[in-house]
Each structure stands twice: as structure tokens, then as C-alpha cells.
Amino acid sequence: MTTTALPASRFAVARQVADAVLFEGYVLYPYRASAAKNRLRWQFGVLVPPAWGPAHGEHSFQRTEVVMEPRGAATLAVELRFLHAQRRTVEEARPDGSFAAVSELHLPDRVLVPWDEGTEERVEMTVPVAELEEGEVCLPFVRPAREETEPVLDADGREVGRLVRRTERADGVLRLRAEQLDVPYRAFRLTAVVENTSDWTPDTEGAAGADRDVVLPRSLVAAHLLMGLSAGSFLSMTDPPEWAKASVATCANRHTWPVLAGEPGSSDVVLSSPIILEDHPGIAPESIGAMYDATEIDEILALRTAALTDQEKREARGTDARAAAVIDLAESMPPEVLERLHGAVRALREITDPGATTPESFAELFDEDAVFKPDTPWWDPAHADPADPARDRILIDGTSVGPGSRVVLRPGLRRTDAQDLFLQGATAQVEAVLHDVDGGVHLAVTVEGDPGADIRREQGRFLYFQPDEVAPLEGA
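Note that our numbering gives residue 403 to position 422 of the sequence shown, counting from 1, and the numbers run on in steps of one.
Honestly, the hints are just simulated from the structure, not real lab data.
It is possible that some hints are incorrect.
Cβ pair distances, simulated, as ranges [what the hints assert, rightly or not]: (1) LEU21 / GLU429: 33 to 39 Å; (2) GLU115 / LEU21: 18 to 24 Å; (3) GLU223 / GLU267: 35 to 41 Å; (4) GLY379 / ASP417: 20 to 26 Å; (5) GLU223 / ARG374: 20 to 26 Å; (6) PRO165 / ARG285: 52 to 58 Å; (7) ARG147 / ARG75: 19 to 25 Å; (8) LEU88 / ASP0: 27 to 33 Å.
Backbone N, C-alpha and C fix where the C-beta goes; we use that ideal spot for every residue, glycine too.
Let's have the full structure, built from the sequences with the hints guiding it.
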């Protein structure tokens, strides 16, 4: 085993998305420490000390399992990335040369306040796949406690205070192993475990009533893995080849989710993220830069940030250097860049350009066999009966299905969202049969046992499935 990583270019594209994962929610609009939404931080991929986690519903490890097909004498490069929280306090200079902690230190361009910063940490290793076949390979790592001070100067260069940054010790281990699978091809189940191994306990240093703020500096925050093969490929966890579906189904991923990363179409890099992503995720080309709030829209964030008052901007600039960069970005954005953020339609480009090919990711959207269509559209004047959602019925597997019918839900993996997947195998009642203007048919349903079903019926807020995503219940 070595600790030398593969060339940086191997992870270059995947790292753009990994950076977004690493800093997701780091500091949220309005980018001030005083904002309520910035008082409870570090929500994704937090691996806490083992002695603290179980009693507080948090985890001390992540487990990633994927299927890989290495070729020849392939090597596996792994890069663990996480944030190490460091506590920043603000101290004001006194006339006698001493310093005293304060809640605010006002400067002409910013207001400095106490804040938890995050420093990016990496643990890198490269190991031959053959070595992983022989047994588990472990790489323990330690990030020691440290304390640093930074002087704060006024416009005249006089020291008016200082920032004191304290970082607690963080311990962890990265474990790797590969198990050959009983399949027609040379394939392995790769298991990668990241674990916080800190021996810190709530009783340490009189911290019996320790809360999350005490634990975070000893945690691995936003932990995720980048893994790359020098020769060979990984298999998609959501769309594996037929021969590997059973093996992929047995992979046990805990507190993380692996996806193919890198250039579209490539399969030699995996990003295992605490945030659920699709294969080959990417940063939108219109994005102007990191804004640390991927649940919002860049255009809205940019406009709102630019509209902050001068005092609010001073507070944001004093909160964190990354928050200050967002303020500067919003203030200096040219109109043409802002206009670029005003929406982008990608799926229609392939339709309106006769010479363009349909990307694989959109293939199913345009697959006419994937959407049930009646022989005669509902809007056709020649249609025998006008569409009536309250009375319409359709045939599914030879069974007439309509309002009042009971069905079993079988959401399509490639046409649904993560929420619908939780309903796999659930029974539901059909409330209406709906036809869209393209001739597609959709079933409006309510899930049996849902305590809010009556309210959903009154409000017309149903769940919608296509006919090939349900199975009629016999005798229902």
C-alpha cells in the first residue's frame, strides 16, 4: 500500500461535485452568523465520536459497497475528504496590551463574530486490487489539536484585536477490502468503511452534558469518498447490467450513497456521498460559483444577496471568508451573467435540433413504449366518449382498473423520484384516471393506511403513477 494518489486529473471532474457536497450548507443566506438558519450547522455526513453518537441519533461510520471490474494489475486510488471544524473566537485589544473575548468587533468593512470555520482535510491512498483480495487494508489517520492566532488590524495598521482558532483532535480510519463475486466475469464487491475512532467521551474534561457544539470539532464533517480504478470500471448502483443485478442488490451502503462520477459515459470513478445523487452528477454550466445553498436557485440567491443592506453585508463579511466571497460575487455580477442564470432548458434542445442525438439520460423520456397511450387521444373529436376522470377505466394486465380499484405500487426506477421508491409494494386506491395532451394515461391514487388520505381527496392532492407502475389486486 502507498499513500500516493493517482494523477489529479483522474478526479478533476468528480471533484467539482464533491466540493459542492463538502460545503453544502456551510453557510446559508443571508450568510450571517446571527441568522437562525446558520445556528444549526453541519447536517450532512457528520461522523461523530463513537461514545457520543448512539445516544444522540448520529453515526460514527460510513460504509460503501460497490461492484467493480478491475483489469489486469489495476490499482485503486481512494481519497477521503471531510471538514474539520475549528472554533473561532474574537478578542479585543485592551490599552494594557491584553486581550479580552467579545461577542462583536466592529471594523469599517466587517463585523467579526465568533464562528465555527471548516478546514478541508484529505486522506489519500493507492493500493493494488490484488492486495485488497488478500485481506482488509487499513489506513488510520489523526488530525491533531492546535491553536492559532491572527491579528486584526484597523485602517491605520494598528492591532485592535485578534482571532483565536482552536481545533480539537480528530481520529479516524479508512478500511478497504475486495471480495470476488461468483459471477461470469472477474468482478469484486469493494467495501470501503470510514470511521471516527476518537476515544473522547462525554465525561472527558468535565463534559458530561456535552452538546453537539462540543462534539463537532472532534467529528469528520461532510465526509465522502472519491474512488478511482487505474484500469477497469465500476458498475452503476441504479442501472447495473443484467448479470450483476443480484450482486448489486446485496451491496450494503450505510449513511452514504455511491454514484458513477467523472465525465459522462465514464465508469472508472465513484463518488460516495452522504447526499443522494444520480450517476454522473454535474455542476450546471450557468452556475456562477459556490453559494453553499444548493436547495435554492442561484439567481434568487444572487438577487437577494445583492439586496442586503450595507450593515447586513458587513456582518456577512465578518462571519466567514467564504460568506464574504459570496457577497463580493453578488455585488460584482455583470447583467449578462445574471441573465444567464434566468433558466436553461436542456431536454428540449434535442427535440428542436433534428441533427442532435438524444443523450442516454433522456432516452426514456422520449421512448414511446415507456408511456401508455390509448389508440385514440381523449382530445380527438372522433373519440367515442369524452374523458371523464371520475368514470374512466383502463385495462392493466387484463383487469379493468378505475376509480375505487385497489392496486399494488411498483414505481419505475428510472422514471420516479426517491420519495416514490419508499412506496414500493404499498397498496393504494385509484381515485381517477387522467389523460394528458400527449395521449399519456396516469393514475391518481391515495396510499392505503395514509392518515391524510381524506384530506388529500378533498384537496385533490394525489400521487400519480403510470399504468405500468401498478399491478391490480385480484378481486379488488
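Practice item. Determine which of the earlier numbered hints do not hold for this structure and return their numbers in increasing order. Key: Hint check: 2 and 5 fail, others pass.
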